[in-house]
Amino acid sequence: MTTAPALTKELLVQILAEYGEREANEIAERVDSLELAWLVHSLEERYGLKLDLDDVQLARMTTLDDALAILGKARRHIPRKPVVVTGLSVTTAFGRGLEALRQGLAAGQPAFGPVTRFEVGKRRVDRAATLPGDPNLIDEVTDAVTQAIGQAGLGPGTTARTPLLFARHADQAPPRLTLPEHHAQAPHTSGTQIAKQCGLRDAARTYTNACVAASSAIADAAALISAGREERVVVAAGYFVDADTYALFDAGRALATDGHLRSFSQDRKGLLLGDGLGAVVLESTESAAARGAAPITELLGWGRAGDAFHVCQPHPEGLGMAAAIEAALGRAELTPDGIGYINAHGTGTPLNDSAETAAIRRAFGEAARTVPVSSTKSLHGHALEASGVVELAVSVLALQEGTVPVNAGYLGPDPACRLNLVVDAPRRVAAQAVLSLNAAFGGANTALVLGAVAA
Amino acid sequence: MTEVSVAGLSVLSRADWPEAGDNPVKGPPSLAGFVVSSFAPLAAEAAERCLKRAYGEAPAQPGRERRTAVLVVSKAGDTATERAVARAVDAGRSVQPLLFFQSVPNAVMGYVAKRWGLVGPVVCLSPAGDPEQEALATADLLLLDDAADDALIVLLELAAEDGAHDTATALLVGPDIANEVEA
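The listed protein sequences derive, respectively, from chains U and P. Residue numbers for the first sequence, in my numbering: 1 to 455. Residue numbers for the second sequence, in my numbering: 1001 to 1183.
Here chain P stands alone, though its shape is the one from the complex (with noise of 0.2 Å):
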């Protein structure tokens, strides 16, 4: 049986980093053409392990008929990223190139969206308050607006400080049929 939201949408499937058994330390497994943060592999880890619990494995030929929304939801953001940017520059050095393509929070779900075939909206925010009831929120808004049939939704925050680790929840969520009757 799904779980149900509190903004009324059905919880089809759900994934964090860590889980038993990851490596907090270690960090999620690398991302090829992601460098220097581990915002892009966590996302990508966390979406890849939600996925696949509601679907298997990933499509060999992804589709475009149903519609789902991807959003990144972060307080911060890559602050990893923006901070290596930063030493370059006050260096005087050179930025890496990988760095401008990894530099906002949508790069890395074109990776999973083309994996996954999700040709919804692409929509990246910085919460206020809490992640997981404004991306909630938001997801209910885009299926109300006939923007999208569902959406997979990634919490992400890189440690905020030395010795924490990052952690990251993946909530695929659809329309909550059930209780729409009800309503």
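Pulled out of the complex, with its shape left as it was, chain U reads as follows (with noise of 0.2 Å):
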């Protein structure tokens, strides 16, 4: 056992303060005679605390920045309240709601088609998955939050008490206003607009960190419910193909010019894009039983790291996105072989899915050999900033179904993909857990962890 002769008395009634100050005091009383492990014992029975301090930790607990350093980062491993999610609305160039994103699916066949909403005359690439029209973004993801409310049973009260963290892609229609008034449409308008219209209390922050701008709020906002700072959150997000979005991607070559998206396949070409917007209402699972709400499923997990690589490039080791996946699986409580299916960011790209590949078999070690994968950009498009909830109402359906969905596009295997790759059709998997990934330029990388719920 290690004593503790630096800690004094006055000190660790200091540091315990943040346990309580009585307890702390018990605690302190004792202190002469104080063993560290003993100390350590103590505040995980006393708390309900996992501070999993081994001996050279203990060692190390001998000045006061040290002390405070373990004990205020071991502070963070409080247990977490769960986070369920009880109402979702998904719209995807399949149709509008959860049913047509099941039948297309379930169909396999992707949704890309001619894009008549813009002219595409001069561009290398004339395809996306585009519902019919040219649809309003705003009128739609309020539609969307509306109904996912709806589902989850919320009251007025309850929804002027609940925050939204709001994801969408740049709108086209400022950059042609004067300046200040482009400025003053500023991304987090239009979550202020939803909010208002759906009753809802806030929209604080829009998240426009691209692809994963989605995942990223519904991270966030399951790290505010279950820490205990928020009841509920609904996030939303969404984008539709638009005419500049189409002329960048087409200009950085990243548009797949054969007019498929085969994710992991050979000779993959790149990306199409497609219309998704989507809303969830996460809330604890307390809050969630004390109102009777069901749950759809239970977020078990969540990880976001960098890869510190390039301004667009992924790391082709798949270092960001491997520490993403572990940092889910860790709070999720979960190793690889728990994990039935994983939906794949999988954007078509030669770099993209070599590199996500590299980062499933770095997290996954040898159940990377078996754990089912697909990308069902191949089948709905590239949502870019919705991109998160779209394919987070893609996992709950392989969780409700027993089935997961096909990589379309599939041409034969690329040997810097290796993955078990879902081809040809659905396949029957009942998975308990289904893992969702995302990646961004700049390096960004999230990984949301979903569980089955009792039906």
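Derived by calculation from the structure, the hints in this document are not laboratory data. Note that beta-carbon positions come from the ideal geometry of N, C-alpha and C, so glycine has one too. There could be a bad hint or two in this list.
[As the list claims (entries may be wrong)] With a cut-off of at most 25 Å between alpha-carbon atoms, the simulated DMTMM-like pairs for lysine to aspartate or glutamate come out as follows:
#1 U:Lys196 to U:Glu230
#2 U:Lys81 to P:Asp1149
#3 U:Lys81 to P:Glu1132
#4 P:Lys1052 to P:Asp1162
[Claimed, not checked] Computed, partial: chain U to chain P, Cβ under 10 Å:
#5 His169
#6 Ala186
#7 Ala243
#8 Ala251
#9 Pro295
#10 His310
#11 Phe441
[Claimed, not checked] Chain U is nowhere near these chain P residues, computed Cβ spacing over 10 Å in every case:
#12 Ser1013
#13 Asn1023
#14 Lys1075
#15 Asn1106
The task is to assemble the complex, starting from two chains supplied on their own in separate frames and drawing on the hints.
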């Protein structure tokens, strides 16, 4: 056992104050004969903490800074409130609502077709997965939020206490206004507009970090709820294929010139854009139970990490994505064997898919050989900022249906993408937990673990 | 002595653009690979100054042990890039390929993160209220959630009218241990 001569009674009282004054004083009264191992055990027993301090860490607790750093970090392992989803609405090119997505995934036929929403005659590629016509994104997201709130059974009073975290792609209307008007119509204004129309408390922040925007918002919502800072949070996100973004992706040669999004396949040429939006109501398990609300899924884990590698390329060894996966699995207290399906980011670009494969293999080890993987972007297209919420809906369907969707457009194996891909047709898999992955420019990576709930 | 933010985080270092000696009209130093807009150069310059004040020179071989989150917080975002794309599309011209790579605010942070070994979450926000307070609240949440050990925050806005100049502030924030003890 390691004793702590430098830890005085006064110091311990100071450290332990954060765990409650009365208890701290009780512990501190025994400080003269105190062994640090006993202290750690006492803290774990009394306050349900998981300090997980080993002998090396105990030995380091001999100065103020060390003790504070170790105990301060340990405090973060205070058990969190479980988080569930009680409302979910989604729209893709397959149609409006979860049922339309379910049917689209079951059919396994990509939703891509010629772009008619705007002029693409000068572009290298002319295909995307779009809804008919030119629908209004904010109106549609507002409808989705309203439906998700309705499914969750939130009354007006509860809704008025609930914040919205919104994620969106840049609107192409403001850049065509004067510069002051452009600035006045900043992305956060649409989040505030949706929150107001839906009777939500506020929309303090709108996520703009590209393809991880929605998944980042979901992770932050879960963090707020699990830490007890919010009882429930609504997350919404949306992207509709537009002329400016299409021109950008075309100029960057990111679009698949063969008109197919072939995730993880040999001869994959790139991505295709797709309409997508959705809304999710997340809340603590205890809050949902108190309302008698039936959970749709449990958000078991979430992880976020950076590549620190490049402006627009993923780390070729998938280091950031692997770290995000490991964080999500750790929070879910699952080993890779506990994941029954991975809904991959799988953009169909050569660099993304090989890097993501490396990440999955790094984080999953041997289990990477057996876990079924598909990217449903090959069916509904890349919904950019809305990807996280659209693919959360796909993951929920995989859990509910006991069927994992196909990785469409597959031509054959690429040695850089050795995964157990779901090709040809959807596959029956009775998954109890699934993993949804997203990545973005700047080396941003997210991982969400969703769990099945009793029907 | 470190400054303590309203959110209860220690502000380890801070930098602004412009500072004394800067030329707001000329703007920040250009950044290779980024064109048309000063958004990315501004973010990179503010981040560089802030990190240098905290750590000195950038590490030759950045490690992955310390998880520093990266937050880009801007109400309006990169309006200059958006306007350049809109002009090209409306004129029926091709868009410059480089604009694709800088079309999202997180892109430039890939450059900063590689240079300094920042491997925490990468988050970009358009805040409805005070940008610094929203950024600090977000950083605090990431630390509370054990997603990061500390956070680099870059607050920036491009000029909203002719004759005005761009502004940026970068902050490196970490847990306020003293405040935790007193809590």
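To see whether the hints hold, each was checked on the structure:
For the hint pairing U:Lys196 with U:Glu230, the CA-to-CA distance comes to about 19 Å; that is within 25 Å, so the pair holds. Distance check on the hinted pair: U:Lys81 and P:Asp1149 sit about 22 Å apart at the alpha-carbon level, within 25 Å; holds. For the proposed pair U:Lys81 and P:Glu1132, the alpha carbon gap of about 28 Å is over 25 Å, so the pair is violated. Among the hinted pairs, P:Lys1052 with P:Asp1162 is inconsistent with the structure: their alpha-carbon atoms are about 32 Å apart, more than 25 Å.
The interface hint given for U:His169 is met, as the beta carbon of that residue sits about 9 Å from the closest beta carbon of chain P, less than 10 Å. With a least beta-carbon distance of about 4 Å to chain P, the hint placing U:Ala186 at the interface is held under the 10 Å criterion. Here the hint on U:Ala243 is kept, as its CB sits about 5 Å from the closest CB of chain P, short of 10 Å. The beta carbon of U:Ala251 comes within 4 Å of a beta carbon in chain P, closer than 10 Å, and the hint placing it at the interface holds.
The interface hint given for U:Pro295 is broken, as the beta carbon of that residue sits about 21 Å from the closest beta carbon of chain P, more than 10 Å. For U:His310, the suggested interface contact is upheld, since its CB lies about 5 Å from the closest CB of chain P, less than 10 Å. With a cut of 10 Å, the hint placing U:Phe441 at the interface with chain P holds, because the nearest CB-to-CB distance is about 4 Å. Listed as a non-interface residue, P:Ser1013 keeps its Cβ farther than 10 Å from every Cβ of chain U; the least gap is roughly 19 Å.
Even its closest Cβ contact with chain U, about 21 Å, leaves P:Asn1023 beyond 10 Å, as expected for a residue assigned away from the interface. Some Cβ of chain U comes within 10 Å of the Cβ of P:Lys1075; the nearest lies about 4 Å off, and the non-interface call is violated. Its beta-carbon lying about 3 Å from the closest one in chain U, P:Asn1106 breaks the requirement of being farther than 10 Å from that chain.
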